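The whole structure should be built from the sequences, with the hints applied where relevant.
Residue numbers (the working numbering), protein chains in the order written: chain A, -11 to 331; chain B, -11 to 331; chain C, 30 to 351; chain D, 30 to 351.
Since the hints were made in silico from the structure, they are not lab data. Quick caveat, the model's predicted, so the values are computed rather than measured. Where is the CB? At the ideal position from N, CA and C, for every residue including glycine. The reader is advised that the hints may include incorrect statements.
Selected chain B positions facing chain A (Cβ under 8 Å, derived; list incomplete) [unchecked claim]:
no.: 1; residue: G40
no.: 2; residue: D75
no.: 3; residue: V85
no.: 4; residue: N86
no.: 5; residue: A112
no.: 6; residue: P113
no.: 7; residue: A125
no.: 8; residue: A128
no.: 9; residue: G132
no.: 10; residue: G257
no.: 11; residue: E269
no.: 12; residue: A314
Here is what each chain is made of, one letter per residue.
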Amino acid sequence: MPETRDLSYAEAVNAALARALDERPETLLFGEDVALPGGVFGVTKGLRRRFGERVFDTPISESAIIGGAVGAAMFGRRPIVEIMWADFFLVALDQVVNQAANVRYVSRGAVTAPITIRTQQGSAPGACAQHSQSLEAVFAHVPGLRVAMPATHQDAYDLLLAAVWCDDPVIVIENRTLYHTGRRPVGVNGGIQPAEGALIRRPGADVTLLTWGAMLHAALEAAELAAGRGIDAEVIDARWIRPLDLDTVLASVERTGRLVVAHEAHTTGGVGGEVLAAVAESGVRLRSAPLRVGAPPVRMPAAPALARAVVPNALTIADALIRSAAGGSVGAAAEGAADVPRR
Amino acid sequence: MPETRDLSYAEAVNAALARALDERPETLLFGEDVALPGGVFGVTKGLRRRFGERVFDTPISESAIIGGAVGAAMFGRRPIVEIMWADFFLVALDQVVNQAANVRYVSRGAVTAPITIRTQQGSAPGACAQHSQSLEAVFAHVPGLRVAMPATHQDAYDLLLAAVWCDDPVIVIENRTLYHTGRRPVGVNGGIQPAEGALIRRPGADVTLLTWGAMLHAALEAAELAAGRGIDAEVIDARWIRPLDLDTVLASVERTGRLVVAHEAHTTGGVGGEVLAAVAESGVRLRSAPLRVGAPPVRMPAAPALARAVVPNALTIADALIRSAAGGSVGAAAEGAADVPRR
Amino acid sequence: MGTPMPETAATQLDFLESMLRIRFFEEEVGRLRAEGSIVGSVHLCNGQEAVHAGACAALDPSRDAVFPTYRGHGWTLACGVPPYALFAELLGRQTGVNGGRGGSAYLTAPEYGMYGENSIVGAGAPIAAGAALAATFDGSGRVALAAFGDGAMNQGAVHEAMNFAAVRDLPVIFLVENNHYSELTPIASMVRGDRLFARASAYGMPGGRVDGNDPAAVRDAVAQAVERARGGHGPALIEAMTQRIVGHYIGDAQHYRPPGELEAALADEPIARLLATLRETIPHAELDALSERVRAEIADASARAQADPPADPSTVLEHLYA
Amino acid sequence: MGTPMPETAATQLDFLESMLRIRFFEEEVGRLRAEGSIVGSVHLCNGQEAVHAGACAALDPSRDAVFPTYRGHGWTLACGVPPYALFAELLGRQTGVNGGRGGSAYLTAPEYGMYGENSIVGAGAPIAAGAALAATFDGSGRVALAAFGDGAMNQGAVHEAMNFAAVRDLPVIFLVENNHYSELTPIASMVRGDRLFARASAYGMPGGRVDGNDPAAVRDAVAQAVERARGGHGPALIEAMTQRIVGHYIGDAQHYRPPGELEAALADEPIARLLATLRETIPHAELDALSERVRAEIADASARAQADPPADPSTVLEHLYA
Ligand SMILES: Cc1ncc(C[n+]2csc(CCOP(=O)(O)OP(=O)(O)O)c2C)c(N)n1
Ligand SMILES: Cc1ncc(C[n+]2csc(CCOP(=O)(O)OP(=O)(O)O)c2C)c(N)n1
Ligand SMILES: [Mg+2]
Ligand SMILES: [Mg+2]
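Structure below.
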């Protein structure tokens, strides 16, 4: 029975997990501190009590967690595991890239690894360089994986369920700065969505602004700021980084003729580059040079005064929208490109 | 005394290592099988005998190898370590990204981690999905790292020495299919180059073809094939993936008005995207849509008949050159973009 | 482990047949690799066959799961995969167990309980623990066996898998094939104290060493661990001492082996040893006939596989996603 | 370890001062975090001060190197970093030891032998082994000390570091601060058998347990390991048993602690314990004066740091590359 409940982003994740554990007896939920303590962010609260041994705590052993999920998935379980911070994937990336992503392909479908790995990422005031990275580009380069980045309370629920229901290995990247930002109406118990597809969050005619994850909120703010300058931005939330819904992006760019991509990750080698490249390859004619807004080449500093200077925000995005709208036809030097030192 | 010696690619690496060990007493060389056995590809032969305990074998413990290098580098050593296959980085990427890349930045230069990590990558007939990946895009996204991809015998020597002399953490990605491809004259004992800079390997007027690593040889062949069709391709060898020498690329594209980027890595999320994006941002006016040539979304199959179908080669690159040259102004749909299923 | 029962002749002949199948298979692979019909890096298991034959004799093929390494032809055959399908895989044929996608070093044959070689050292250990984890929920009674080399004991993932399995009482057996070398480097120089099985105590699980050239001894050790595991008492670590009597990969000249070592290994290798025993009681002609039969089976399988068409590139993009 | 010598009053007062400095520092951090002057995740070490004071008393600040974790304020102060520079770092001030780049959980102060906190569990262990590796070449006689928690013992990198250090006889000490919890989960539920130090034998190195609430006991255990390491005899593993008497991070309500546990810990915490001993022989006024002096030092350092300007964003892109 579809219904609407007032939930925080964290509670929406919790509700999705509860539904998965409830409706699919083959699901398991494990990771560091997820069971008895209910998660370091409180996201998995109450699930152990409700679902018993299918929800359990693990040692601080990310290779065992992900590898254990892969092995269990090969035998009919549907593990949902947590890697507490995206940064921590780096101690165990082998199990994602060299293991999970290969299982189905090499066996031609005889064995599969339908695992869901929940994580969260991004910068927050005071967080250090080892707890601030946005790593979606690393996963997006790996054939065989799917990558979701829910930006809204509703998507925190929907994308996670899509991931669990999907028969591929999926990484769901949440954002801890969204977990406890207040309650909103979230539709629950509706149909399970496919594990792909972007959404236009704000229709607009002048510039296409593609973004994802927590940056969506800065992007929507930026669109309002730009609107004050007479620029009507269309804000697209990619939602899925792999597969990337280029059709929606291209259709929008065809209408607007202008493109800005904003993400929290480092610009160089980030997913924004993939988008600009795909648009360039498509041959769509742009009215000004496309722009990327992302972090410049630094490690993330802990001091808020420093981090603020390098993490994109509504103002830097709005600035890009304005530059994009002001830019002449492709061929005019885009000022924006010179902003960020390139290494 | 600069001199020229006839060396294989592997011998050129060996000569560079010997020179580094000889001229810089603070260098160390360690990794799996690199010392007494002389390396699984014979690259480090004779160095243990010549330099003694500074050259040693390690357990199969990549985190200890890279972490050990980081720690030793913080105290004045200059470790050169080997990760036998780029794929194996994935068990220890934390030590590269979360550790080595941060040392200098966080301490504002009070401590540094001048390590060189040699590895090799790429597909070769019969190699499995876990021994075939081209992972430069993963490293190229990490501020604080430098990434070299020597394509020639001379660069096998020069880029490695540049890496060792450089005070940053550097990853040098060699290619095992080049190690034993015959001897060529290699200039040795000359000056140490800076750790950056692309090279034009074949000047041309019609299309800019950027590539790196072993793919350079396919690219040069492709240029000859295209020349047979009256297309004069300029082949640029990036040599350094981070920092990427965009100035050289942009200057070339400004002349040719056409761009093809070819690499062995998967197209989606690969470094080719970064290049197309940067060119698009620059506002350079192209005469046809830029194209990428890379691996489609698969895991690498072992059977040669299968691998051949997905690894780019001279023919697929030549095809892209021809399409690029034939393409109309940007705005015409580029056929090339539809070739590769996108996920 | 108590005094082992004397083996019946039938059992011993089964072991012999199983080991010969592996040995002849590997010899044929060596030939095919030398002539270039098989390409790429190939890791033969000659000399280690008793581990595979012995361990698989203690497993239940209908439910147990084996996770070997790139040196996995012996395990694959001992699990029951037909030599023909394995040759075809190594030859890159469409008819290979994975249609050529896996190759020598990363093939999988789940229908036979062979859940995949692994070419990343140690990476199979957590996955096997995961298979065992599934068993604690699905009522299958499955036991998972992760086989890996001595060198893999120094890989972080193996450590994590052992602790994880121990603390959750998972039905998994960690079987170290100690062939004294990790690629070209002696394990003795890479650990302080070479009793690898003794590391089990760090995880609070039983550990023991067994003669890896004696299939019955391996079978018994594994059987004991299987019984424990199936009974819900958790994992165990078994160190099977053996020798590879070939290079790490085909083409490895083994310059690193001290003089005499290989000769000693050849004198003690499991097939020669078992044959010597059996010759005391079984007519030589019978043994020769067995050997000839297996040899012919392998020759036939190889010939058939070679005649098959190469893997079909038109299918290469399939099965990446569901 | 023999019967310990009775400590001189001077030594004990030094320990007290060092531990009070850490305690008062942490209390002030708690206040600053509560009022929002410090932001982000902060991990206090209240209750574990004896480990830091004791261990650093056994090290040579002119050459030894310490590698702690995110729970590293105590180590940083025990290494001699002025509280002012540390406050400034936590407050994100330009005058912080890293100009605000490190923050509470990832700061470094190499001039004081503090070679960096680490916010990746276990990641400091291989780096410390590397620092020790350098010592085997540079004639410095340096010993490296990697400190990490009980939970870190299950991380692959720690395993690899221990084996690597053992096999190369590296002068490194692995010091486990066993505070019984890994974040919100008891270590007892994450290992089979909770004698973590016993894992040392897996690597062929000595391991031992020490009362982590007794600074002299910690000092002696570390001193013994330092002597061994400096003498070229390789690494050791020390498990210091202690308790954190605060949450894992500021704001952790510690619902997971069983009733009575925290009270017992408070009764045995190192400062209360040492004060009780000292009160038997030293005039209370003298102890109070010491305490007041340190408290004033901390208050002054905090005030000065708070008055400093925030980190300067115009420098934020500097020092990424040489
Ligand atoms: C993580 C990782 N590191 C390194 C390698 C390269 N490598 C392949 S086999 C091997 C030696 C393994 O030795 P051991 O575990 O004793 O197994 P054996 O080959 O003797 O069967 C190494 C280092 C790898 N495949 N994976
Ligand atoms: C590789 C990695 N995994 C997980 C975490 C998250 N995390 C931070 S502290 C911690 C608990 C560590 O426990 P312990 O080692 O006992 O140290 P303590 O906090 O008690 O000092 C965890 C799981 C991390 N920082 N790094
Ligand atoms: Mg071995
Ligand atoms: Mg702890």
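Next on the checklist: Name the hints, by number, that the structure is in violation of.
Outcome noted: 1, 5, 6, 12
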